[in-house]
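Please work from the sequences and hints to get the whole structure.
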Amino acid sequence: MEPIIPGVVDLSRLQFAITALYHFMFVPLTLGLTFMLAAMETVYVVTGRQIYKDMTLFWGKLFGINFALGVATGITMEFEFGTNWSMYSRFFGDMFGTPLAIEGLMAFFMESTFVGLMFFGWDRLNRHTHLAITWLVALGSNLSALWILVANASMNLPQGAHFDPATMRMQFDSIVAVIFNPDAQAKFVHTSVAGYVSAAMLVMGISSFYLLRGQHRQFAARSFRMAALFGIISTVAVITLGDVLGRMVYEHQPTKIAAIEGLWHTTKPPFEPWVAFALPDDAKQENHFEIGVPFVVTPLVTHSFFTPITGMHELEEQAAPHIRSGIEAVTALKAWRDGGSADDLARFNAHKADMGYGFLAARHAPHNDVSSIPASKIEQVIVETEPDILPNVFVTFWSFRIMVFLSLLFFGLFAFASWASLKNRLERNRLLLKLCLWSIPLPILATEFGWITAEAGRQPWTVFNLLPTFLSASTHSFSYMVFSLAGFAILYSAFIAAELFLMFKYARLGPEDHTTHAGLAKPHNGDQFASVPAE
Amino acid sequence: MDSYALLKFFWAGILCVLLIGVGIMVGMDMGVGTLLRFVGRNDGERRTALNIIGPHWDGNQVWFILGGGAIFAAFPTLYATSFSVFYVVMIALLFSMILRPVAFEYRSKVDNRVWKASWDWVFLISGFLPMFIYGAAFGNVLEGVGYHFDWTGQYHQDQSFLLYLINPFAILCGILAVALSVYQGGTMLMLRAEEPIYGRARRYATLAGWISAALFALGGFWIRHTVGYVLNAGGDPGMVADPLHGQHVIRVSGGWLTHYANYPVLWIVPLAGIVCMITGPVFLRADRPTLAWWTGAGAWTATISAVGIAMFPFFMPCSTRPDESLTIWNSSASAYGLTCMLVVAAVFVPLILTYTSWCFYIMRGKVRTADVTHDSHSY
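Just so you know, the protein sequences line up as chains A and B, in that order.
So in my numbering, spot 466 of the first sequence is number 466, and the numbers just go up one at a time.
So in my numbering, spot 80 of the second sequence is number 80, and the numbers just go up one at a time.
Check each hint, because a few of them may be wrong.
Label-pair ranges, simulated between beta-carbon atoms [stated by the list, open to error]:
no., chain 1, residue 1, chain 2, residue 2, range
1, A, 174, B, 262, 39 to 47 Å
2, B, 44, A, 500, 22 to 30 Å
3, B, 254, A, 487, 38 to 46 Å
4, A, 493, B, 343, 40 to 48 Å
5, A, 500, B, 41, 29 to 37 Å
6, B, 350, A, 182, 54 to 62 Å
7, B, 159, A, 380, 37 to 45 Å
8, A, 496, B, 230, 45 to 53 Å
9, B, 342, A, 42, 33 to 41 Å
Below, a list of computed lysine-lysine pairs in the PhoX-like style, where the Cα atoms sit at most 20 Å apart [said to hold, decoys possible]:
no., chain 1, residue 1, chain 2, residue 2
10, A, 434, A, 423
11, A, 434, A, 505
12, A, 505, B, 116
13, B, 366, A, 505
These are computed hints drawn from the structure, not numbers from a lab.
Quick caveat: nothing in here was measured; it's all calculated off a predicted structure.
Backbone N, C-alpha and C define an ideal beta-carbon position, used for all residues, glycine too.
This is how it looks when you write it as structure tokens:
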């Protein structure tokens, strides 16, 4: 290892966080809207009623505006691992690149090819074929999410691979273990369903806008009802799967769960409170202004009443022997790779399981080289490394809480909205309609905080317990990073401005302007559904 | 050869196919983007040109994405090292690439001259620049790249990015790629457009065809005198995939033509390229755009294959420490990973080719300006 420039790693992390979070502003809507479009079009094909085709076309337009940015920002993600995380990409390429390549072959190609036909093929395909195409786009986008989350799960819970000292890479052993990674399964459903919530909220919110203005009432009421029902089902699913995922984290990532729940000390069940509010202090390693709900945290996390959850102080203490053994492992590995003997390899193999902790200690070693730590300094390095095993507790704790509180809010909102819609009491509840309208960005916000919980909580690792983040980055100069970050900042700001402008413009224009083809032009201000008899 | 060596070889072949796919399909769309401001003199004409590739650009672009994904999965060391070493260039490529999807979707959604004119420039940049960089990357790799590895497998850069930007041979390769893409885009426009776009596209495509033939030939002569890389010892195909150990590489003037000298039959490949590039414009003159499209595809296939043969088994030769050059044999993923993906590719690549062709078949026929301006779903 050559010395690492800390600022470059931080900027690489910042760039990745910005580009990934930005990408995921558009993905949830794609995941959800494709399914909603497919559902609308199915109703159209089955009933033959024009209004459902109009719905498909209008919401499809908004989908298209959003989809373009999802695709564009996705290109960044595909290349950023190579451009900015060289060590990670090399070390974990088998495990991470394979799902990504399969995603391209199986899902993304299908989605991208058929999305063109979905938009351009209305006049060239018969109704059933077009419907099949729309379903394939929905299937493709969701399969795509599946493979991406399989890849992400491997970083959180690496399984199906072993480390090979001869290549310095994780060698792939079992695709079954990778696909059926429990973390991947729960994460896929949790994340894609979160996308459905976002799409449902968008459709419901914009429909509310029309209802508030008394425009396109038939169209809006129908869209609203579909979205509200889709939303309530999805919200229930997202919360259920969130619970499953939390349990998964508890089993496999003790540091993450302790940080999420703000547990500095091992819990004492069954009384132990769930910390609903606190200001975690990472420097002093304690919580300020803690407000807890007694008896809740143990069953919530462990699904039992008497299992203690290990606290962060205890996790730090438990890490010490691993760090010591890890330093041995990395020292032996380096000696062997630099032309050492079979003894070095045997010494490495004896300590192999703790290799990641040895890499982690490199930050406190002279020249980031653990083999050069003098024997007298080893204990000091271990003590310095101990707190490094924890993620940023404040960020993890609060991003998790924002996500959870928001999802509870969505549950209430969708439940109320479904009830009002089914009872035909929508237009009387102007407050509800306003709430729906203003809630449009919230599910996307909740999804972003979900990602922050997952990824910030995984720190200090890129590959959990195996490869630390600060070693994973490419060895760029500071100026390279400033160049790319500035470029992303400019481009992405321009994109979001254009996207919002167009979304607002087309949402305000409403359905009538976009659903007609040549020769069927309708007046701009008239409500084309005003003449449709009410049900 | 053992099975691991065969797997590596197969994947190098698949990578070659993907790179050809990028050239033909993405190059075609980017050629249309480059030509947009020249073949369309007013908004209606430009929209017609855009809508010719409108239903296909997104699917075509996946060749590029999949190329990246396949390198990542099959040759992780190559992915990690090359993308990082070419950082500034890769970021420029990314910036121009991500502008394109947005340009397609947004350009015609606001009826404002400045808005549309700006996006038309974006099409020019996002068509020209990525193709130029794509070609220049081949040029730079042929000349060798400065980097070395430390014991962990992490790369360290030994040369400034400026060297890659002002390398004359790379510039030649970049222009060649742009010419091939303009040719392909022009023929596509001819297939689906009527006059006056048709005639203009024919003029530009013909010119691009001649330029590409001239540059390809010039590049061939140039390569005789540049320094190539030759595996001198070790580098066994079945070797452990570790670039730090196990091979000795020497730099030889004209070394890239070693395989052609040893097996003269291989000259068929670059010759086929020249034949395609020369017959293409002739077909255009004869108003046979379909034939011309396929000779364009042939030109890409031959060009990339000719480079592949010259460099075999090198991916990215290292100029500062030649022994650490990345080859097919030392930068690959594990045998298990390659096998898995081979199975997936064997199932899905034929499927992809089938439904892509079907989509082109469904959308066949001329695109008329009147239809485009009246269809609210068009670009």
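Here is what the structure says about each hint:
1. At roughly 41 Å, the beta carbons of residue 174/A and residue 262/B sit within the given window of 39 to 47 Å.
2. Look at residue 44/B against residue 500/A: about 28 Å separates their beta carbons, and that is inside 22 to 30 Å.
3. At about 39 Å, the CB distance of residue 254/B to residue 487/A agrees with the hint of 38 to 46 Å.
4. Look at residue 493/A against residue 343/B: about 43 Å separates their beta carbons, and that is inside 40 to 48 Å.
5. Taking 29 to 37 Å as the suggested C-beta distance range, the pair residue 500/A and residue 41/B conforms, at roughly 32 Å.
6. Taking 54 to 62 Å as the suggested C-beta distance range, the pair residue 350/B and residue 182/A does not conform, at roughly 33 Å.
7. As the Cβ distance of residue 159/B to residue 380/A is approximately 39 Å, the hint placing it in 37 to 45 Å holds.
8. Take residue 496/A and residue 230/B: their Cβ atoms lie about 51 Å apart, and the range 45 to 53 Å holds.
9. Between residue 342/B and residue 42/A the Cβ separation comes to about 37 Å, which falls inside the hinted range of 33 to 41 Å.
10. Between residue 434/A and residue 423/A the alpha-carbon distance is near 18 Å, which keeps this suggested pair within the 20 Å criterion.
11. Distance hint between residue 434/A and residue 505/A is fulfilled; the C-alpha atoms sit about 19 Å from each other, no more than 20 Å.
12. Taking the CA atoms of residue 505/A and residue 116/B, the gap is near 16 Å; set against the 20 Å cutoff, the hint holds.
13. Only pairs whose Cα atoms come within 20 Å are accepted, and residue 366/B paired with residue 505/A is rejected, the gap being roughly 31 Å.
Hint check: violations occur at hints 6, 13; the rest are consistent with the structure.
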